[in-house]
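So the sequence lines, in the order shown, correspond to chains A and B. Mind the numbering: the first sequence is residues 1 to 268 in the numbering used here, read in order. Mind the numbering: the second sequence is residues 1 to 249 in the numbering used here, read in order.
Some hints could be false.
Mimicking DSSO-like on lysine-lysine, the simulated pairs with C-alpha atoms at most 27 Å apart in a straight line are [what the hints assert, rightly or not]:
no., chain 1, residue 1, chain 2, residue 2
1, B, 122, A, 24
2, A, 15, A, 76
3, A, 224, A, 195
4, B, 100, A, 53
5, A, 224, A, 15
6, A, 46, B, 122
7, B, 100, A, 15
8, A, 80, A, 15
9, A, 224, B, 213
10, A, 235, A, 76
11, A, 224, A, 136
12, A, 53, A, 136
13, A, 80, B, 100
14, B, 213, A, 15
15, A, 80, A, 46
16, B, 100, B, 213
17, A, 235, A, 24
18, A, 19, A, 46
19, A, 224, A, 235
20, A, 76, B, 122
21, B, 179, A, 53
22, A, 46, B, 42
23, B, 213, A, 19
FYI, nobody ran anything at the bench for these hints, they're computed from the structure. None of these values were measured; they are calculated from a predicted model.
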Amino acid sequence: MSIRFEQVSKSFGTKHVLKQVSFKVERGEILFILGRSGMGKSVTLKHIIGLLKPDSGGVFIDGQNVSQLDDIQLAKVRQKCGMVFQHPALLDSLTVFENIAFGLRTAQYIQLIGHPLSEDDIRRRVCEKLADVNLKTEILDCLPSDLSYGMQKRVSLARTLAPEPEYLLFDEPTTGLDPITTNAINDLIHDLSRKLQVTSLVVSHDMACALKIADRVLVLDQGKILAHADRSTLKLSEEPLIQDFLAETLALIPPAELDVASIGATAP
Amino acid sequence: MTEVRMWLSIVRLFFQTIFNFFQPSAWRRAEIIHAIVQSGIKSIPIVCLSTAFAGVVVTQQIAWHMDLSLHDVSMIPGFTGQFIFRELGIAIPALLLVSKVGASITAEVGTMKVTEQIDALKLLRIDPIEYLVFPRFIAGIVSGACLTLLAVAVTLSCSALVGILGYNFGALEFLNGMKHFIGVADVVCALVKGVTFGSLIPIVSCAYGFHCKGGAQGVGTATTQAVVSATVAIIILDFLITYFFTWFL
Chain A
1 MSIRFEQVSK SFGTKHVLKQ VSFKVERGEI LFILGRSGMG KSVTLKHIIG
51 LLKPDSGGVF IDGQNVSQLD DIQLAKVRQK CGMVFQHPAL LDSLTVFENI
101 AFGLRTAQYI QLIGHPLSED DIRRRVCEKL ADVNLKTEIL DCLPSDLSYG
151 MQKRVSLART LAPEPEYLLF DEPTTGLDPI TTNAINDLIH DLSRKLQVTS
201 LVVSHDMACA LKIADRVLVL DQGKILAHAD RSTLKLSEEP LIQDFLAETL
251 ALIPPAELDV ASIGATAP
Chain B
1 MTEVRMWLSI VRLFFQTIFN FFQPSAWRRA EIIHAIVQSG IKSIPIVCLS
51 TAFAGVVVTQ QIAWHMDLSL HDVSMIPGFT GQFIFRELGI AIPALLLVSK
101 VGASITAEVG TMKVTEQIDA LKLLRIDPIE YLVFPRFIAG IVSGACLTLL
151 AVAVTLSCSA LVGILGYNFG ALEFLNGMKH FIGVADVVCA LVKGVTFGSL
201 IPIVSCAYGF HCKGGAQGVG TATTQAVVSA TVAIIILDFL ITYFFTWFL
C-alpha cells in the first residue's frame, strides 16, 4: 500500500518540469510537497492518477505502474484515489448535493462496494462529509455559482472524501480559505491519516501547515527534489529556499508552536 | 501542422463517440433531452426568422433576374425550390447552429477543461466523452435533421408568399411548379446534410474545448477556432454531399 516515484521525468515542450524524481509514500503517511509556483508540484500529483504520463521513469501505486495500465485498470486505480484540485472543479450544472453524491452513484463505486447505496444512505454520507468541511446542509440545493470560492473549495473536498478513498491527493487544499477552515481541513487530513490509515499527498506553499501535520516534507525546486525529510530534520536544513520558507513560517507562528514535540494536528 | 493534428483528434473523437452508441450507460435520457432543448428547440426562433428573410430575398432576386433576362417568371417555383432544398434551407440553419450552439459548447467544455472539471470527471470514473460529447452528439443529429426540415418549410413558405403576392402565382400553381424540379433525392440530400452538419458541430466544438489551454483567453481562442473550423468543414462537406447527390443519384 504505497505510492512510489521512480526516476520520473516530465517535460512540456522545452520546459523540463520533473527531472528524475524518486520518492515513496507509505500507507497512512502525510507527505507535504512544497516548492515555489511552477516547480512541478501539481504535475507530480497528476502523474499519480494517470492524468499525465511520465516521459521516462515510472509511477507505482500498490506496485502497479500507472503509466502502463489500460483504461479499465487505470479506472480501478483511480477508484482508490481522491483528488482535491487547485480549482474547486465542481460541475457547474449540478447542485452541491448532486456534486458530492456524484461519485457514490457511479457504476464503478457500486461495483466496488457490491451494491448501490440507498438514497437515504447517500444523503447521510453527503451531510456527514459536508459537516467534516465545516459547511451546513442549507447549501445542499445551491448551485456552485451561488457559493463563495472558499465554500466551493470545501464542497470539492467533501466530494473527494465521499467515496472514502485510500489515497488522498490535495492540490493546495487551503488556498483561499480563512484560518479557521484551514485549521479544520488540516485536522481532517491528520485524522483521516491517523484513524483510517488514509495516505495523503498535499501540494502546498504553506510551510506552517506542513510543520503541523506532515509526517514528511518533500521540497521541489527546478524539477528536482531539494529535500525529503521529516519535520524536525527539515528545520535544520541550510538550503536557502527552505530557510526562506521557514523564515516566513517563523514570522507567522510563535516559536512554541514550532517545537516539533509539541505539535499536534489541532491548532491551539 | 497543429491544424492537421487537431483534425486527427476530431476524427478520433468522432469514432470514440460513435463507440458509445453500444454503451447502454451512455443513453442518459435526461441529458440528451436537455441537450436537444439547448441546441434544437432554443434555436427554432432564430432559424425561422433568418430562413424566412433568406427565402424572401432569394425569391425576389431570382424573379428579378428571370424577368430581366428571360422576360418570364414562370420558372420561379422550380428554381427557388431546388435552391432552397439543396442549399439555402440547409446551409443557413447549419451556420447558425455553429455560431450559436457550437460556440457555446466549446466555451462550456473549454471552461470545464481549464478549471479542471474534466480531470475531476475522470477521477470520478466518468468518461468525459460519454458524459459530455455523446448527449450533445445525439442532440446535434436530432436537431440538425429537424431544424433542416423546419428551415426548408419556412423558406419555401416565404418563397411561395413572394411568388403569390408579388408575381401573381396561385398557391397550387406555385406548388406544382416546384414539384417538377424537386424529387425524393433532394429531400434525402437535405436530410443527409442536416444530420451530417448537426453531428459535426458538437464533435468539432467539444474537440476544441478538450484541447483548450490557459484561462479565459484560451477559452476565447478555442471558441473562435472551433467556429471557424466547423464553418469551413460545413462548406466543404456541403460541396461533397451536393456533388455526390448531383452526379450519383
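So, going through the hints one by one against the coordinates:
For a cut-off of 27 Å, the pair hint linking residue 122 of chain B to residue 24 of chain A stands: about 24 Å separates their Cα positions. With a C-alpha separation of about 32 Å, the suggested pair residue 15 of chain A and residue 76 of chain A falls outside the 27 Å cut-off, and the hint is violated. Our distance criterion of 27 Å between C-alpha atoms is broken by residue 224 of chain A and residue 195 of chain A, whose separation comes to about 32 Å. The suggested pairing of residue 100 of chain B with residue 53 of chain A is violated, with an alpha-carbon distance near 36 Å, which exceeds 27 Å.
This hinted pair checks out: residue 224 of chain A and residue 15 of chain A have alpha carbons roughly 13 Å apart, not beyond 27 Å. For the suggested pair residue 46 of chain A and residue 122 of chain B, the alpha carbons sit about 11 Å apart, so the restraint of at most 27 Å is met. A threshold of 27 Å between alpha carbons decides the hint, and for residue 100 of chain B with residue 15 of chain A the separation of about 38 Å lies outside it, so the pair is violated. Only pairs whose Cα atoms come within 27 Å are accepted, and residue 80 of chain A paired with residue 15 of chain A is rejected, the gap being roughly 31 Å.
Between residue 224 of chain A and residue 213 of chain B the alpha-carbon distance is near 25 Å, which keeps this suggested pair within the 27 Å criterion. Only pairs whose Cα atoms come within 27 Å are accepted, and residue 235 of chain A paired with residue 76 of chain A is rejected, the gap being roughly 38 Å. The hinted pair formed by residue 224 of chain A and residue 136 of chain A fails the criterion: a straight-line CA distance of about 42 Å is larger than 27 Å. For the suggested pair residue 53 of chain A and residue 136 of chain A, the alpha carbons sit about 39 Å apart, so the restraint of at most 27 Å is broken.
Distance restraint check for residue 80 of chain A and residue 100 of chain B: the Cα-Cα separation of roughly 40 Å exceeds the 27 Å cut-off, and the hinted pair is therefore not satisfied. Taking the CA atoms of residue 213 of chain B and residue 15 of chain A, the gap is near 16 Å; set against the 27 Å cutoff, the hint holds. Taking the CA atoms of residue 80 of chain A and residue 46 of chain A, the gap is about 14 Å. The hint holds against a cut of 27 Å. Between residue 100 of chain B and residue 213 of chain B the alpha-carbon distance is near 22 Å, which keeps this suggested pair within the 27 Å criterion.
Of the supplied pair hints, the one linking residue 235 of chain A and residue 24 of chain A holds, its CA atoms being roughly 21 Å apart against a limit of 27 Å. Of the supplied pair hints, the one linking residue 19 of chain A and residue 46 of chain A holds, its CA atoms being roughly 16 Å apart against a limit of 27 Å. Proximity of residue 224 of chain A to residue 235 of chain A is assessed by CA-CA distance (about 19 Å); at most 27 Å being required, the pair is judged to hold. Of the pairs offered as hints, the one joining residue 76 of chain A and residue 122 of chain B holds, with about 12 Å between alpha carbons and a cut-off of 27 Å not exceeded.
Between residue 179 of chain B and residue 53 of chain A the alpha-carbon distance is near 61 Å, which puts this suggested pair outside the 27 Å criterion. A C-alpha spacing of about 39 Å is found between residue 46 of chain A and residue 42 of chain B, which places the hinted pair above 27 Å, so the restraint is violated. For a cut-off of 27 Å, the pair hint linking residue 213 of chain B to residue 19 of chain A stands: about 23 Å separates their Cα positions.
Checked against the numbered hints given earlier, the structure breaks hints 2, 3, 4, 7, 8, 10, 11, 12, 13, 21 and 22 and satisfies all the rest.
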